[in-house]
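Trainee: Residues per chain are reported as follows:
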Amino acid sequence: MTEKAATPSERAGRKWIRAVVLAAFVVSAIAALTKIPQLLRAAEPKRISASSRALAPATFYGLDTRLLESAARDIPRDSSYAVVAGEGVRSRFVRVAESTLLDYWLLPRRRTDVRSSDWVVSIGGDLQSLGLRYSRLVRVGRGMELAERVR
Amino acid sequence: MRIGGPLLLDLILLGVGQAMLLGLGVVRSLGQAFRCAGLAFIVGWCMLGAAIVYALIFGASLQLWQPIALAVALAAVASALGRAIPGGADTIERRERGVARVCAIAAAASLVGYLALLGVHSALTESPTGWDTWAFWLPRAKAIFSFHGLHPHLHGGFASFAHPEYPPLVPAFDAAVFRFAGATSVLALPFQDWLLAAAFVAAAAAVLRHRVRPALLWPALCLLVLAPQFGASVGAGYADPQLARLIALGAVCGGMWVLERDGRLLVLTGILLVGASLTKREGLGLALMLSVALAVAARVEGGRGWARAMLLVPTVIVAALPWQIWLHVEHVRSSPDYSLRMLLHPSYLFDRLGRLSIALERLPRIALSFDHWLLVLPLALLLAFLVIGTRSSLAVLVLGAIGAGYLGLACVYWIGTLPVTWYMRTSASRVVASLVLLAGALTPLVASELLRSAQGQDRERPAGDV
Numbered sequence: 008m009t010e011k012a013a014t015p016s017e018r019a020g021r022k023w024i025r026a027v028v029l030a031a032f033v034v035s036a037i038a039a040l041t042k043i044p045q046l047l048r049a050a051e052p053k054r055i056s057a058s059s060r061a062l063a064p065a066t067f068y069g070l071d072t073r074l075l076e077s078a079a080r081d082i083p084r085d086s087s088y089a090v091v092a093g094e095g096v097r098s099r100f101v102r103v104a105e106s107t108l109l110d111y112w113l114l115p116r117r118r119t120d121v122r123s124s125d126w127v128v129s130i131g132g133d134l135q136s137l138g139l140r141y142s143r144l145v146r147v148g149r150g151m152e153l154a155e156r157v158r
Numbered sequence: 005m006r007i008g009g010p011l012l013l014d015l016i017l018l019g020v021g022q023a024m025l026l027g028l029g030v031v032r033s034l035g036q037a038f039r040c041a042g043l044a045f046i047v048g049w050c051m052l053g054a055a056i057v058y059a060l061i062f063g064a065s066l067q068l069w070q071p072i073a074l075a076v077a078l079a080a081v082a083s084a085l086g087r088a089i090p091g092g093a094d095t096i097e098r099r100e101r102g103v104a105r106v107c108a109i110a111a112a113a114s115l116v117g118y119l120a121l122l123g124v125h126s127a128l129t130e131s132p133t134g135w136d137t138w139a140f141w142l143p144r145a146k147a148i149f150s151f152h153g154l155h156p157h158l159h160g161g162f163a164s165f166a167h168p169e170y171p172p173l174v175p176a177f178d179a180a181v182f183r184f185a186g187a188t189s190v191l192a193l194p195f196q197d198w199l200l201a202a203a204f205v206a207a208a209a210a211v212l213r214h215r216v217r218p219a220l221l222w223p224a225l226c227l228l229v230l231a232p233q234f235g236a237s238v239g240a241g242y243a244d245p246q247l248a249r250l251i252a253l254g255a256v257c258g259g260m261w262v263l264e265r266d267g268r269l270l271v272l273t274g275i276l277l278v279g280a281s282l283t284k285r286e287g288l289g290l291a292l293m294l295s296v297a298l299a300v301a302a303r304v305e306g307g308r309g310w311a312r313a314m315l316l317v318p319t320v321i322v323a324a325l326p327w328q329i330w331l332h333v334e335h336v337r338s339s340p341d342y343s344l345r346m347l348l349h350p351s352y353l354f355d356r357l358g359r360l361s362i363a364l365e366r367l368p369r370i371a372l373s374f375d376h377w378l379l380v381l382p383l384a385l386l387l388a389f390l391v392i393g394t395r396s397s398l399a400v401l402v403l404g405a406i407g408a409g410y411l412g413l414a415c416v417y418w419i420g421t422l423p424v425t426w427y428m429r430t431s432a433s434r435v436v437a438s439l440v441l442l443a444g445a446l447t448p449l450v451a452s453e454l455l456r457s458a459q460g461q462d463r464e465r466p467a468g469d470v
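Which chain is which? The protein sequence lines are D and H, in order. Quick note: the first sequence, position 122, residue 129 per the working numbering, numbers continuous. Quick note: the second sequence, position 92, residue 96 per the working numbering, numbers continuous.
Hints may contain errors.
[What the hints assert, rightly or not] Some chain H residues near chain D, calculated using beta-carbon distances under 10 Å:
#, residue
1, 138
2, 151
3, 164
4, 188
5, 226
6, 238
7, 393
8, 451
9, 459
It should be emphasised that the hints constitute simulated quantities derived from the structure, not laboratory data. Predicted model only: the values in this text are computed from it and were never measured. Note that CB positions come from ideal geometry on N, CA and C, so glycine has one too.
All chains, full assembly: derive it from the sequences and hints.
Mentor: Next comes the structure, spelled out in structure tokens:
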């Protein structure tokens, strides 16, 4: 296991390496200690209701959660839906984010094209311009609405 | 939220992993099984996850009995290996005394305390809020669960979301969690991810303890876990953190194999890299890069059997092949952010040299960011340079893997189709995690070998595989 006796310069080199390794670990440990308050804050457990946690993807991006909640409540799980978007909601980011989040939120409802869907979700779009007949209209607010089609 | 079902799935993963470790002779007593629980959990996740992926590819509907049947079959085959592979001695580094003992205990206690806090946070507070998480990772899992399988041509099904070409291990596992929960219990997923993060730390400790003394092992792992990005990634719902853990743990097992040539470590490396190649698109590239780095490092270390590491290359390629064939056969329209074929078009590459220089400059800046990773990478690089003169194989492994990974990621941004600044802003901090975690996980081993040589206690060179 042990090598032949080391020369003085080898011993000095080994001492130097041990010192560098020790110093590197000490510096890294001190650096880590400076972040402890931030880490504890970030990992602080808070009891948040299941519905708030579930809606966090929307609230995190400042989106209106009413569209998600209303669509999940009103559109039956075995129905299909389509999404139309338009300038009624000015922010392009909001239109894209709401539309993308709906895909996730409304599963197992299947998203299809407007012509073959049971429901149409409008994110600032113009439902009347689609030329479809609706049996039910749900106004969610801020230019967002749901419409059940007459089939 | 229903947690009983997912916890049953966790026990099944643990059982599959323990059967594999038993089969390999890594575990031969209850005490060893306890110490290797983290390793068993991750190995079980890779094995059962891969089996579920292949079952889905062949049209399985992921009914509850299917993962259970697969787990039973895997456990039976794995434990049968025990008759063919002899068990090894369970050596551990010496116990500490004095200041070293205090350091080891303080670091281990800090690590366990912080991980426990993260666990409670992920169970009670964490939500998967990342854009990609709900744009495609979670919807794909929900689609597998809701529509009973992959069904690539179903409107609103698995292939309807962005990046259908990404390998499906993470969505398949999440769908299995839903199946065991009996509903799409998305809020159960952060805790599942925490279990994988905690298992990664426990697994690294279990593997390294054979060669690294506690006074080095626990402080080094503690520094890695206290890096803000480690905790921030737990439960976020991305596949990148799990990919990083698999690559880093693969590097730890592989690094130990380079020094000890225990073939069982190479088998474990292979299982982890197969899991990585099925977790994310970059996983295959990183797994191949690590396999080559291990072979070169083993060649530098000397001894027989170094070329066996090259067997990892066909292993991960073959493991990734069924998914690629499925994409081709089912004509799944993919929307990749990059195509590797573009690396063969000099004019395309020349026109985009600006992208390459941006990537080459920003990737290290993010990996070296104190706010993200503290001093994990600088410490690893310093030790890797110091060890060149004594254990150059480890230097080759650390510097080679990080260097190759860095260039590979820079190439992805070079040939990518998205605007490079936006592309990097939204993804770079996640993708460099694989390299930083790899470096951080190997730090205890490198430091240990460095100090061992500084004390004139070089172990003998490896003779060959067990």
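Trainee: Indicate, hint by hint, whether the structure satisfies it.
Mentor: Here is what the structure says about each hint:
1. Interface hint at residue 138 of chain H: satisfied, since its Cβ lies 4 Å from the closest Cβ of chain D, which is below the 10 Å cut-off.
2. Taking 10 Å as the C-beta contact cut-off toward chain D, the hint placing residue 151 of chain H at the interface holds, the least distance being around 7 Å.
3. The interface hint given for residue 164 of chain H is met, as the beta carbon of that residue sits about 7 Å from the closest beta carbon of chain D, less than 10 Å.
4. Checking residue 188 of chain H against chain D: minimum C-beta separation of about 7 Å stays under 10 Å; hint holds.
5. Using the Cβ-Cβ criterion of 10 Å, the hint placing residue 226 of chain H at the interface with chain D is satisfied: the shortest such distance is roughly 8 Å.
6. A hinted interface residue such as residue 238 of chain H counts as satisfied when its beta carbon comes closer than 10 Å to some beta carbon of chain D; here the least separation is about 9 Å, so the hint holds.
7. Interface hint status for residue 393 of chain H: upheld, as the beta-carbon distance to the closest one in chain D is roughly 9 Å, under 10 Å.
8. With 10 Å as the threshold, the beta carbon of residue 451 of chain H comes within range of chain D, its nearest partner Cβ sitting at about 6 Å, so the hint holds.
9. A hinted interface residue such as residue 459 of chain H counts as satisfied when its beta carbon comes closer than 10 Å to some beta carbon of chain D; here the least separation is about 7 Å, so the hint holds.
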